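Please take these sequences and the hints and turn them into a complete structure.
Chains as they are written, first to last, in numbering that gives the first Met the number 0: chain A, 0 to 163; chain B, 0 to 200.
A couple of the hints might just be wrong.
Stated by the list, open to error - Chain B residues, not near chain A, derived (Cβ > 12 Å throughout):
1. GLY24
2. ARG28
3. ALA29
4. GLN32
5. VAL41
6. ASP43
7. GLU44
8. GLU47
9. ARG54
10. LEU55
11. PRO56
12. PRO57
13. ARG59
14. ASP116
15. PRO136
Said to hold, decoys possible - Just some of the chain A residues that point at chain B, by a computed CB distance under 7 Å:
16. SER19
17. GLY23
18. ALA54
19. ARG55
20. ARG56
21. ARG57
22. ARG59
23. GLY65
24. ARG74
Unchecked claim - Computed far set for chain A versus chain B, every beta-carbon distance over 10 Å:
25. GLY28
26. TYR45
27. ARG114
28. MET133
Because the hints were derived from the structure by calculation, they are not lab data. Remember, predicted model here, so these are calculated numbers, not experimental data. Quick reminder that beta carbons are idealized off the backbone N, C-alpha and C, glycines included.
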Amino acid sequence: MTGTPDFPGHAPGREPLVLSCILGNAGEGVWQDQLHEMEHRGQVEYLSIPETEAARRRMRIFTDRGRDCAIALPREQQLEDGAVLHIAPGLAIIARVYGGRRLRLVPHSISDALRIGHWCGNLHWKVVFGDGWMEVVLDGPEERYRDRLRDLAPLAGVDIGAPE
Amino acid sequence: MTAARVGIGGPVGSGKTALIEVMLGHLARAGIQVAVITNDLVTDEDAERLRRGGRLPPERILAVQAGACPHTVIREDPTLNMAAADRLDRQFPGLELILIESGGDNLASTFSPDLVDYWLFVIDVAGGDDIPRKKGPGILQASLLVINKADLAPHVGVDFPAMMAEARAVRGGRAVLPAVCRRDEGIAEIVALLRREVLFR
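The structure is reproduced here in C-alpha cells:
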C-alpha cells in the first residue's frame, strides 16, 4: 500500500500532496452534493487504507490514480472510512478504510470462549466482537493465523471460517 | 502539525540506542528538530547514555520506566509514552520528529499504531542468522527491519547476503536495510527512508 507504487501515474521526484487534517466525512449531508458532482467530473480520488493501519496519523500513500500523498494528521484526529482529506477546485481526496480480511471464531461453549479469548489475547491479535463470535483482523497471511489456531484445537472447541 | 513519532524496537543488545545516537547526527545535519523518549525496565539507563552523548539538549530526552515487559508500554497500554510525546510536542514548538526507543524485548514485540506513525525493528547478525526465519511479529510487521552489526558476520559464521535475502523474503516486500551503527554505515539510507515516509522532506 505505502511505498513506491507499481502502477502508472506516479511522477518520481515530485513533492507529495500534504493532507494535514480531516475536513469532514463524505457521508455527511453537507458534502454529498458537491462530491457527487465532482465524482461525475472524475475529480474524486481515493486512498485505500487497511483497518490495521488506520490508527496511524502519518503515512506516505498513493491515490487510486497514482497521486503521491503525505498524510500528517493532528493527534486528535483519526482516519475513518469516508474521511475527506482534501477538497479544492478540480480535486477531492477521500480515505477508504477497509476491514481487510478476517477470520470468524465461533466457540462451542462459554468455557471454550474463555479459552479462545485468552489465547488470542496472548497472541496480541486485533479482534472484533459480535454476538456469539469473535473476528480476528488479519495482518498477514491467513495461514499464519490458522497455524496458531491449530495449537488451540485440543484445548477448545471452535468453528473457524470467513465472516458472514 | 505535531511531530512524527517513530518507534525503535528490537532485542536487548541489538543496537537500538547506538542507532539513535548515530541517527541524531544525520538528522541534525539535515536541520530536523528531534526529541527522544527511551523506555527501560526500572532505570533511565538509555536516556542517561544519550544525554552523556551530547547530541541533543538533555531536556529533549525523556525516560519512561516500563516496570514490566517492555512491550506493555508500547502496545497494550502506550499511554505513558503518548503522554511523554504530547509533553515534548507542547514543550518544543517546531519539533519534527520524536524517536521512541522500546526497552529490549523479544521477537514478538510490536508498536501500537496509536503511539507511532512508523517503526523500526533492529536485530543484529551476532544474534544468529536464523532470526529472520523465526518470523516473529517484530520481524514481519515493522515498517523497516534493520540488520545491524553487518561487519561482524564473518566472525560469527553468518552468510550476511543470505540473511538479508531471507529477511526480505519473509517480509513480503517491506523494507529491510543493513547497518553498522558503530561505523555510521547504512544510517544515511535509514534516515532517507524516514524522511520520505513520515517527515516528507
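Consistency of the hints with the structure:
1. GLY24: GLY24 of chain B clear of chain A: closest Cβ-Cβ about 23 Å, beyond 12 Å.
2. ARG28: Answer for ARG28 of chain B: holds, closest chain A Cβ roughly 21 Å.
3. ALA29: holds, 16 Å
4. GLN32: For GLN32 of chain B, whose nearest Cβ neighbour in chain A is about 15 Å away, the distance exceeds 12 Å, so it holds.
5. VAL41: Given a closest Cβ separation of 23 Å, the condition holds.
6. ASP43: holds, 25 Å
7. GLU44: Holds, because the least Cβ-Cβ distance between GLU44 of chain B and chain A comes to about 26 Å, which exceeds 12 Å.
8. GLU47: Its Cβ never comes within 12 Å of chain A, the nearest being 28 Å, so this holds.
9. ARG54: Its Cβ never comes within 12 Å of chain A, the nearest being 24 Å, so this holds.
10. LEU55: holds, 21 Å
11. PRO56: With a cut-off of 12 Å, PRO56 of chain B remains clear of chain A, as the shortest Cβ separation is near 23 Å.
12. PRO57: holds, 25 Å
13. ARG59: holds, 19 Å
14. ASP116: violated, 4 Å
15. PRO136: violated, 7 Å
16. SER19: holds, 6 Å
17. GLY23: Violated. Min distance 19 Å.
18. ALA54: OK, holds: ALA54 of chain A within 7 Å of chain B, min 4 Å.
19. ARG55: Holds. Min distance 5 Å.
20. ARG56: Holds. Min distance 6 Å.
21. ARG57: holds, 4 Å
22. ARG59: holds, 5 Å
23. GLY65: violated, 17 Å
24. ARG74: Holds: closest Cβ of chain B sits about 5 Å from ARG74 of chain A, inside 7 Å.
25. GLY28: holds, 29 Å
26. TYR45: With a cut-off of 10 Å, TYR45 of chain A remains clear of chain B, as the shortest Cβ separation is near 20 Å.
27. ARG114: For ARG114 of chain A, whose nearest Cβ neighbour in chain B is about 20 Å away, the distance exceeds 10 Å, so it holds.
28. MET133: holds, 18 Å
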